[in-house]
Amino acid sequence: MKDTAPDWFETCVSQLTTTSTQRVWSVLVTIFGDLAQDGSDQISGSLITALTRLAGIRAEATRVALHRLRKEGWIESTRVGRNSVHRLTSFGRSQSVAAAPRIYSRDSNMPDIWHVLIASNSESSRKELSDLMLTGDYFSLNASTAMAPGPMPDDLEELLGFESDTISVPNWLRDLCGPEPLKTAYDQFWDAIQIVERLLPAEGAGDPMRSAVLRVLVVHAWRRIVLRHPSLPPVFLPDDWKGAACREAVSHLLDRLPRPSLSSLEAELID
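Quick note, the sequence shown lines up with residues 3 to 273 if you use our numbering.
If you're looking for bench data, these hints aren't it; they were derived computationally from the structure. What you are looking at is a predicted structure, and each value in this text was computed from that prediction instead of being measured. Heads up, the beta-carbon is just placed ideally off N, CA and C, and yes, glycines get one too. Among the hints, erroneous ones may be present.
Cβ-Cβ distance ranges computed for the label pairs, FRET-style [claimed, not checked]: (1) 201 with 124: 52 to 58 Å; (2) 43 with 165: 38 to 44 Å; (3) 240 with 160: 20 to 26 Å.
Could you put the whole structure together from the sequences, leaning on the hints where they help?
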């Protein structure tokens, strides 16, 4: 790997990192989730530092973020000589596996059935609904009503539930499902991803390290948007919603930035 990155690469990194606050621990979650999700995968501390440096992240910030992920049970670390190797814990791996379909799927499938849950005014009923909202599968219609794809849970206690395969979606619900701040985030991501698509050389990034960094930053920027809301088909969203176009662009870019093996990345540190 050359010490000096080309201008097009620096511009791509800037486009993918300047639209929102960069949380280093979250970038590391993406690195592990995209490059090292298998149970046998592990990444050296030197490789993590090299990747994050290319992404514009200071070494000290990377060390702090690794400590946080260890403390919160996402990763475990082992000392090997003067270096450390890091791997996902079973918890970290399960979280990554659970999010993968939303991130990497090329299509947003239309559910065959939907269900609605309604809470009463009692504290226990509202808490039951609140706990279900934490799963990320539901979107709130109002303080006491939530909706999600698929059949309703079979263990409801104090919630009214019903399901249907026929739904009429009014404009107010489209605005609720696609609020302006989220729509703006998609618009900004779309603009950034178009610039990256245009600047990326036809032959790809040119070396495994730059390819890995761009791939991780694309996945990370996409993950931060797409996991902010439940998976919804186009009928639930505003007409000018760019979610489907962004998903297609991400899939195309990831095809151009294939996932490099960890061994090829570690070898780059020796060259």
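Pairwise beta carbon distance, residue 43 to residue 165, judged against the given window 38 to 44 Å: holds, 40 Å
Supplied distance hint 52 to 58 Å, evaluated on CB atoms of residue 201 and residue 124: holds, 56 Å
Distance restraint evaluation - residue 240, residue 160, Cβ atoms, bounds 20 to 26 Å: violated, 34 Å
In this structure, only the earlier hint numbered 3 is contradicted, and the remaining ones agree with it.
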